Amino acid sequence: MIEIQNLTKSFGPIKAVDNLSLKVQKGTTVGFLGPNGAGKTTTIKILTSLITATSGRATLNGIDVLTDPKGALGHVGAVVETPEFYPFLTPVETLAYLGGIRGMSADEIKVRTNEVLHQVKMDEWRTTRIGKFSKGMKQRVAIAQALLHEPDIIILDEPTSGLDPRGMVEVREVIKDLKRQHYTVFMSSHLLGEVQETCDAAALIDHGKLLVYDDIDALSRQTKVVKMEVKTVNDVTDALLGRVRSMASVRGADRVNGRTFVVTYEGAHDERADLLVSIQKEGAKVSEFSSVGLPLEMLYMDLVKESR
Amino acid sequence: MIMMAEENKTVHTVPSDAEQIPIVWRYEFLKYLRSWRLLASIGIAVLVLTLIYVIPPALGHPYSGTDSDQTLSLVPAGAFQVGGSGGPVPVAAALLDRSNIDSSSVAIFLNGTAYPSSNGANWFVSNVEYGGQNVWAVFFVEDVSGDTVTATYDWQTSPESFAGNFLGFASLLVVICATFFGADSLVGEFQNRTGYLIFPNPLKRWVLYAGKFAASMTAGGIVVVLFYAGIGVLSLVSAGGVDDDFLLSLGFAALYLMAAMAVAYLISTVLKGTTGATVLTFFLFVMIMPIVDGISSIAGTKIQGSLTFAAGVIGYILNDPYPTDASQTFPGGMSIQSYYPDPATAAVVMIAYAAIAIGLSMYLFKRKQLAG
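Protein chains in written order, with the numbering used here: chain A, 1 to 308; chain B, 309 to 680.
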């Protein structure tokens, strides 16, 4: 279990993390969301003992990482940002080094190294020095080392960063595997779809403060703002868009192309039905309409906008 | 499914701090074994050994030979401290300008005519102290000042003198090792972002420091020991033996390596870039501190606390007797002091530098955050 209590981190006058409290229950996968500079990485750096906190408490399996980092990190696997590796070592040697530090026997290291390198599709590069690797390959090895010792808690800071689309899918599958096996996973990401796809719950922070933290389903239900793409058989004129923007519950309307526009509005099914009627009354001959964007994305945009 | 189910996971016990240090040492040292730095350092040592060994004979200064018909300059014998008693009392003496003489081969000629020793009744050869140094001299019992005195003798460079030619470079080699293996060791974890890999582990910062320092010392130690081994072998071949203080010199070189490495680590924790740390470490030892040492000679103040001054003991320790401080006054009244580090004080200075720099750099490394 990860427990953060009243955590604050200041860099001079700037509070990167501001009295943050959060609890990640054992066996859950929690996404940690927020815009750039929100305090996600700072929080993760505190959890992984890369930096100290100004005040507050952060425990991993009940051990305070601020006062006993060695004890707290003993059963944690972490990937923070995109780490660099010692260029003269191979993945096998790097994993042997880290496995040794974490108390794994030579036999265990050998077995697990084969497994995790296979899992991140790096088998064929196992004895190549990491100095020759691309960023994506390094990210795969970084994930492999985090899983090596089968830690109780896995902390991932933007784990798909630097990966190609196929690599992203593979890493998401790894995270889903961890979720199925009830590992405790705390993962920051910019990719809302990724969080919605892989996590049980999500915490959203901005300016170092927690805005919302709930199950993904509950968060989706909280979403008030919806985007709808509307296709018409006649041209979308500026006059039409202006009239749509002035309608009740509408937050914005933007042309996609000559006969398509996206309208952002607050509400649920009733509001959407009313809105479609109103749009047609304004002269638009609607041929198709569909919701666009993820509920979590809508909530994110809404809450971040409010907090700023 | 490759990953083991959680309930079947192996529970690992994190090794103790003492058990983790050799693990860190092993992989840090592996880095050096595979990097160009260790090879380059050894290459520099081999190159220096080769150059110092080959160039003097190539320029006409071999390590052994025979001096024939060397004209001797006589001075009063009282200038020398001649040991023993009961023998003939010499009235004049002449230096034989070689560090080691085969005394049985010496032949003296007066005005071109052989002048036998007659079992020391006419002259004898002795190794005596003169001007703070051990020298070879011929002592004459009779007054031969009115004659042209020449000598022929076999000579060989003494082990002390032979090793002394090379040990002038030992301090610089130590500085090169400290620069290559210490200067960017800690700052590199931050600048190169490898800290993101190693710090989020159950590993205390001081343990990481200790393992790294041990690896740096191992790499530097290999280079220095190889250098000394090379001198030892060459000395056996060319000087017929190894100076009795040779291992003591190696001990001082090892102490200097530890102190210089500690200072390099301190610079590595204070600075933010690897280039700056590397440049500052090198120039601190080859330029900044030697300038201070030089000024102390002119100012007439012996700065025993200077690490580079203390490092002079690495070469001086071979001198028998050990040199003493001296003053030389030039026309116009300006005087230059020649200072020599006291061996015991030099050892204390090196240990103090090492202890303070290690303590301080370990403290700073522990507090340094990977915030960038």
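These are calculated hints, taken from the structure and not from any lab test. Given the structure is predicted, the values throughout are model-derived calculations rather than measurements. Misleading hints may appear alongside valid ones.
Claimed, not checked - Capping the alpha-carbon separation at 25 Å, the derived lysine-lysine pairs in PhoX-like fashion look like this:
hint, chain 1, residue 1, chain 2, residue 2
1, A, Lys121, A, Lys209
2, B, Lys674, A, Lys15
3, A, Lys110, B, Lys339
4, A, Lys121, A, Lys110
5, B, Lys512, B, Lys339
6, A, Lys132, A, Lys70
7, A, Lys231, A, Lys281
8, B, Lys674, A, Lys70
9, B, Lys676, B, Lys580
10, B, Lys339, A, Lys138
11, A, Lys135, A, Lys26
12, A, Lys227, A, Lys281
13, B, Lys580, A, Lys135
14, A, Lys26, A, Lys15
15, A, Lys231, A, Lys285
16, A, Lys138, A, Lys176
17, A, Lys176, A, Lys26
18, A, Lys176, A, Lys227
19, A, Lys121, A, Lys132
20, A, Lys132, A, Lys110
21, A, Lys138, A, Lys179
22, B, Lys610, B, Lys339
23, A, Lys132, B, Lys674
24, B, Lys610, A, Lys135
25, A, Lys70, B, Lys512
26, A, Lys23, A, Lys176
27, B, Lys676, A, Lys70
28, A, Lys281, A, Lys26
29, A, Lys15, A, Lys209
30, B, Lys580, B, Lys674
31, B, Lys676, B, Lys339
32, B, Lys580, A, Lys15
33, B, Lys339, A, Lys15
Hint check results:
With a C-alpha separation of about 37 Å, the suggested pairing of Lys121(A) with Lys209(A) is violated against the 25 Å cut-off. A distance of roughly 23 Å separates the Cα atoms of Lys674(B) and Lys15(A); the hinted pair therefore holds under the 25 Å criterion. Taking the CA atoms of Lys110(A) and Lys339(B), the gap is near 21 Å; set against the 25 Å cutoff, the hint holds. Distance restraint check for Lys121(A) and Lys110(A): the Cα-Cα separation of roughly 16 Å lies within the 25 Å cut-off, and the hinted pair is therefore satisfied.
For a cut-off of 25 Å, the pair hint linking Lys512(B) to Lys339(B) stands: about 21 Å separates their Cα positions. Distance check on the hinted pair: Lys132(A) and Lys70(A) sit about 31 Å apart at the alpha-carbon level, beyond 25 Å; violated. Between Lys231(A) and Lys281(A) the alpha-carbon distance is near 15 Å, which keeps this suggested pair within the 25 Å criterion. In summary, the hint linking Lys674(B) to Lys70(A) is supported, as the alpha carbons are separated by about 13 Å, within the 25 Å threshold.
Of the supplied pair hints, the one linking Lys676(B) and Lys580(B) holds, its CA atoms being roughly 11 Å apart against a limit of 25 Å. This hinted pair checks out: Lys339(B) and Lys138(A) have alpha carbons roughly 18 Å apart, not beyond 25 Å. With a C-alpha separation of about 31 Å, the suggested pair Lys135(A) and Lys26(A) falls outside the 25 Å cut-off, and the hint is violated. Straight-line distance between C-alpha atoms of Lys227(A) and Lys281(A) comes to about 20 Å, which keeps the hinted pair within the 25 Å bound.
For the given pair, Lys580(B) sits about 24 Å from Lys135(A) by alpha-carbon distance, which is consistent with the 25 Å threshold. For the hint pairing Lys26(A) with Lys15(A), the CA-to-CA distance comes to about 29 Å; that exceeds 25 Å, so the pair is violated. The suggested pairing of Lys231(A) with Lys285(A) holds, with an alpha-carbon distance near 8 Å, which does not exceed 25 Å. About 21 Å separates the Cα atoms of Lys138(A) and Lys176(A), which keeps this hinted pair within 25 Å; it holds.
Between Lys176(A) and Lys26(A), the direct Cα distance comes to roughly 16 Å. Compliance with the 25 Å bound is thereby established for this hinted pair. Taking the CA atoms of Lys176(A) and Lys227(A), the gap is about 28 Å. The hint is violated against a cut of 25 Å. Of the supplied pair hints, the one linking Lys121(A) and Lys132(A) holds, its CA atoms being roughly 16 Å apart against a limit of 25 Å. At most 25 Å may separate the alpha-carbon atoms for a hinted pair to count; Lys132(A) and Lys110(A) meet this at roughly 23 Å.
Of the pairs offered as hints, the one joining Lys138(A) and Lys179(A) holds, with about 23 Å between alpha carbons and a cut-off of 25 Å not exceeded. Pair hint Lys610(B) plus Lys339(B) does not hold up; C-alpha atoms about 41 Å apart against a cutoff of 25 Å. Of the pairs offered as hints, the one joining Lys132(A) and Lys674(B) is violated, with about 31 Å between alpha carbons and a cut-off of 25 Å exceeded. For the hint linking Lys610(B) to Lys135(A), the alpha-carbon distance of about 55 Å lies beyond 25 Å, and the restraint is violated.
The straight-line distance between the Cα atoms of Lys70(A) and Lys512(B) is roughly 6 Å, inside the 25 Å bound, and the hint therefore holds. The suggested pairing of Lys23(A) with Lys176(A) holds, with an alpha-carbon distance near 20 Å, which does not exceed 25 Å. The suggested pairing of Lys676(B) with Lys70(A) holds, with an alpha-carbon distance near 16 Å, which does not exceed 25 Å. Distance check on the hinted pair: Lys281(A) and Lys26(A) sit about 54 Å apart at the alpha-carbon level, beyond 25 Å; violated.
Using a Cα cut-off of 25 Å, the hinted pair Lys15(A) and Lys209(A) holds, with the two alpha carbons roughly 10 Å apart. Straight-line distance between C-alpha atoms of Lys580(B) and Lys674(B) comes to about 15 Å, which keeps the hinted pair within the 25 Å bound. Distance check on the hinted pair: Lys676(B) and Lys339(B) sit about 23 Å apart at the alpha-carbon level, within 25 Å; holds. For the hint linking Lys580(B) to Lys15(A), the alpha-carbon distance of about 23 Å falls within 25 Å, and the restraint holds.
A hinted pair counts as satisfied when its Cα atoms are at most 25 Å apart, and Lys339(B) with Lys15(A) does not qualify at roughly 39 Å.
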